[in-house]
Amino acid sequence: MGDCIAAPLGFGSEMVYNAVAEGNSVARLHESTFGLPEPFFGSLFEREWIDETFALSCPAENTRYTPFEKIAIIAASEAISRAGIDAASDRVLFVVSTTKGNVHLLEDLQGFETERVYLWRSAQLIAQHFGNKSTPIVASNACISGVSAQHTAMAFLQNGLCDYAVVVGAEMLSKFIISGFQSFKALSPQRCMPFDKDRTGLNLGEGAACIVFGKGDEDTLPQGTLIYCNSANCNDANHISGPSRTGEGLHNAIEKALAGYDRSKLAFINAHGTATPYNDDMESWAIFRSNLSKTPTNSLKGYFGHTLGAAGVLETIMSHQALKNGTVLPTKGHCNLGVAQPITVCTEKQTAHGESFIKLISGFGGSNAAIHFKVKL
Amino acid sequence: MAYINSYCKIDDSQVLLDGQCLIPNDEGDASAWAGSIYRHLGIQYPKFFKMDTMCKFGFLASELLMRQVGATPEEPKKDWAVLCLNSCSSLDTDRRYQTTIQEADNYFPSPSVFVYTLANIVTGEIAIRHKIQGESSTFIFQQLDCEMLHRLASNALAPDKASNLLCGWIDFEFGHCDVLMFAVSEQKKTDTAMEWTPANIKKCFMKQTWRNFYI
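Just so you know, the sequences run in chain order P and V. Quick note: the first sequence uses the numbering used here, first residue 1, plus one each step. Quick note: the second sequence uses the numbering used here, first residue 1001, plus one each step.
Be careful, since some hints might not be right.
DSSO-like mimics (lysine-lysine), calculated; alpha carbons at most 30 Å apart, straight line [stated by the list, open to error]:
| hint | chain 1 | residue 1 | chain 2 | residue 2 |
| --- | --- | --- | --- | --- |
| 1 | V | Lys-1161 | P | Lys-376 |
| 2 | V | Lys-1161 | P | Lys-265 |
| 3 | P | Lys-133 | V | Lys-1050 |
| 4 | P | Lys-185 | V | Lys-1161 |
| 5 | P | Lys-175 | V | Lys-1203 |
| 6 | V | Lys-1078 | P | Lys-133 |
| 7 | P | Lys-294 | V | Lys-1078 |
| 8 | P | Lys-215 | V | Lys-1161 |
| 9 | P | Lys-185 | V | Lys-1047 |
| 10 | P | Lys-175 | V | Lys-1131 |
Where chain P lies over chain V, by a calculated footprint (3+ residues, C-beta under 8 Å) [said to hold, decoys possible]:
| hint | stretch |
| --- | --- |
| 11 | 1059–1073 |
| 12 | 1078–1088 |
| 13 | 1091–1101 |
| 14 | 1106–1114 |
| 15 | 1189–1203 |
Stretch-level coverage of chain P by chain V, calculated; a stretch enters the list once three of its residues show a Cβ under 8 Å from a Cβ in chain V [to be verified]:
| hint | stretch |
| --- | --- |
| 16 | 66–76 |
| 17 | 136–142 |
| 18 | 163–169 |
| 19 | 213–221 |
| 20 | 246–252 |
| 21 | 364–372 |
FYI, nobody ran anything at the bench for these hints, they're computed from the structure. Positions of the beta carbon are idealized from the N, C-alpha and C atoms, including for glycine.
Could you put the whole structure together from the sequences, leaning on the hints where they help?
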């Protein structure tokens, strides 16, 4: 019903979409950020931008919230206002998606109270900012959190447990997160190259994204509305930090999400495409095994980096914008295909043929998810 | 209608299985306590020793429940899901990891610690052990709300999703363990099975956890 992206690349779903459609990215090499001994390539907010943007709507509360809470509130405010709902109603459910929330406060509380390191506390403050007093749900499922949050919100809507769901994904980077990915040797020293034969790892990124979901009769919805079809979450049961080699879990998730659907109507696949050797090979297996090798497939990590808890929501919004504009976005950073199974990576902006898209996502803990959306024509 | 076929509670003092004390804690310290439950169960699972303490307790409770319902670990389970709720996400390990990066001259981040700084790894460990291939999800709340657990779990039990579920509260922080897990299925599998309702969840949940005293 309403959505918004707040990312280093821009603010507002349309503005961010236009920046991406022009091929822009603000990801770059950071030499001494966060006091890390090694540089990293990533996409970070200007800290002043967060404070200034937040102050436009809440000047009195600028010191009350952490940067993580602020970007979540900035994205949610715009999405809620576009949806035109009363977010304070007890029929509105907040679902917050993040992996690490305010984890940087473990190093230094910076004047915040100790309970601010708890994800539930940030979620309460985000919901309460909009006057909502119901218990918010925090979905913290590593990299799949953003799709997991939407999957959960849909079940609450379908079961009549709420009238509207505000799904907000957000992630800020810190020494904690980057040092961990560096210790895994998972980061690329340059722009990541999803599905490329020369890919060496991922880029990390900051961002927040919010979608307000509601229930409605498809026939009366305005043109361009995002319509949820189905979703699934399937574990690999293989390894806590490595995906199944054969893409078993993701393949199962795709099969469940697309059960009974004519796959020729799928305009594109928005893959996770982190550009790590293992992830991209695994995804190519899952796509191949689901008979989707010929479906145009893209990854948006070259524009935003991997925005962790925000990724599932942010990339859903971007895919919605793309399909609404009749476009499949190219995979920035990709040059030469080099994955285990042949898939059709979209490298140039192309016309979308089809009525729907599927968003794939995988992460540590053996997690995989797929979510399928149509766009009202 | 679904049924609680078995439930398991592990706190600092004992392991309760279906309301009966199975193992009292004679060890004291949480890590030794987890080790003594592991030995009591008589299993051989070397990965256990790599887990952080929260994962160990979640793993042990799941092990007991799966035995109660007669599930074999090696058998792939597409119609099973695993759901964990807690308050601490992974903060116990987060704090431990933070000490490895806090000071520039004592900087040694380790991937084997970092991987446990994700709240959902406990569901991953359980899924790997029992080959659970359905949904795996972790949700964070200030406290265990039986109504919320019931809703989240019931969502996962939908016909096209899963017909069996390991779910509950798996929390570990400041050396205190607070685990209450349920084996829930659409079929009755034990003589002591109860209906899967918020009221019955509440019955299994003893209010006085360490956190009630702590906060």
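Outcome of the hint check:
Only pairs whose Cα atoms come within 30 Å are accepted, and V/Lys-1161 paired with P/Lys-376 is accepted, the gap being roughly 27 Å. The straight-line distance between the Cα atoms of V/Lys-1161 and P/Lys-265 is roughly 24 Å, inside the 30 Å bound, and the hint therefore holds. Taken as a hint, the P/Lys-133 and V/Lys-1050 pair is broken in the structure, with Cα atoms around 40 Å apart against an allowance of 30 Å. At roughly 35 Å between alpha-carbon atoms, P/Lys-185 and V/Lys-1161 are farther apart than 30 Å, so this suggested pair is violated.
A threshold of 30 Å between alpha carbons decides the hint, and for P/Lys-175 with V/Lys-1203 the separation of about 43 Å lies outside it, so the pair is violated. Under the criterion of a C-alpha separation no larger than 30 Å, the hint pairing V/Lys-1078 with P/Lys-133 is inconsistent with the structure, at around 37 Å. Only pairs whose Cα atoms come within 30 Å are accepted, and P/Lys-294 paired with V/Lys-1078 is accepted, the gap being roughly 28 Å. Restraint check for P/Lys-215 and V/Lys-1161: satisfied, since their Cα atoms lie roughly 22 Å apart, inside the 30 Å limit.
At most 30 Å may separate the alpha-carbon atoms for a hinted pair to count; P/Lys-185 and V/Lys-1047 meet this at roughly 22 Å. Our distance criterion of 30 Å between C-alpha atoms is broken by P/Lys-175 and V/Lys-1131, whose separation comes to about 34 Å. Under a criterion of three residues with beta carbons nearer than 8 Å to beta carbons of chain P, the stated coverage of the stretch 1059–1073 of chain V fails, only 0 such residues being counted. For the stretch 1078–1088 of chain V, the stated coverage by chain P is satisfied: 4 residues place a CB nearer than 8 Å to a CB of that chain, which reaches the threshold of 3.
Residues of the stretch 1091–1101 of chain V lying with their CB closer than 8 Å to a CB of chain P number 6, which satisfies the three-residue condition for coverage. Here's how the stretch 1106–1114 of chain V fares: 5 of its residues keep a CB closer than 8 Å to some CB of chain P, so the rule of at least three is met and the hint holds. For a cut-off of 8 Å, the count of residues in the stretch 1189–1203 of chain V with a CB near a CB of chain P stands at 0, and the three-residue condition is violated. By the rule of at least three residues with a Cβ nearer than 8 Å to a Cβ of chain V, the coverage given for the stretch 66–76 of chain P is violated, with 0 such residues.
Only residues whose C-beta sits within less than 8 Å of a C-beta in chain V count toward coverage, and the stretch 136–142 of chain P has 6 of them, enough to reach three; the restraint holds. For the stretch 163–169 of chain P, the stated coverage by chain V is not satisfied: 0 residues place a CB nearer than 8 Å to a CB of that chain, which falls below the threshold of 3. Under a criterion of three residues with beta carbons nearer than 8 Å to beta carbons of chain V, the stated coverage of the stretch 213–221 of chain P fails, only 0 such residues being counted. As drawn, the stretch 246–252 of chain P meets chain V at 3 residues by the rule of a beta-carbon pair under 8 Å; at three or more, the given contact holds.
Note: the stretch 364–372 of chain P has 4 residues with beta-carbon separation from chain V under 8 Å; the three-residue rule is met and the coverage holds.
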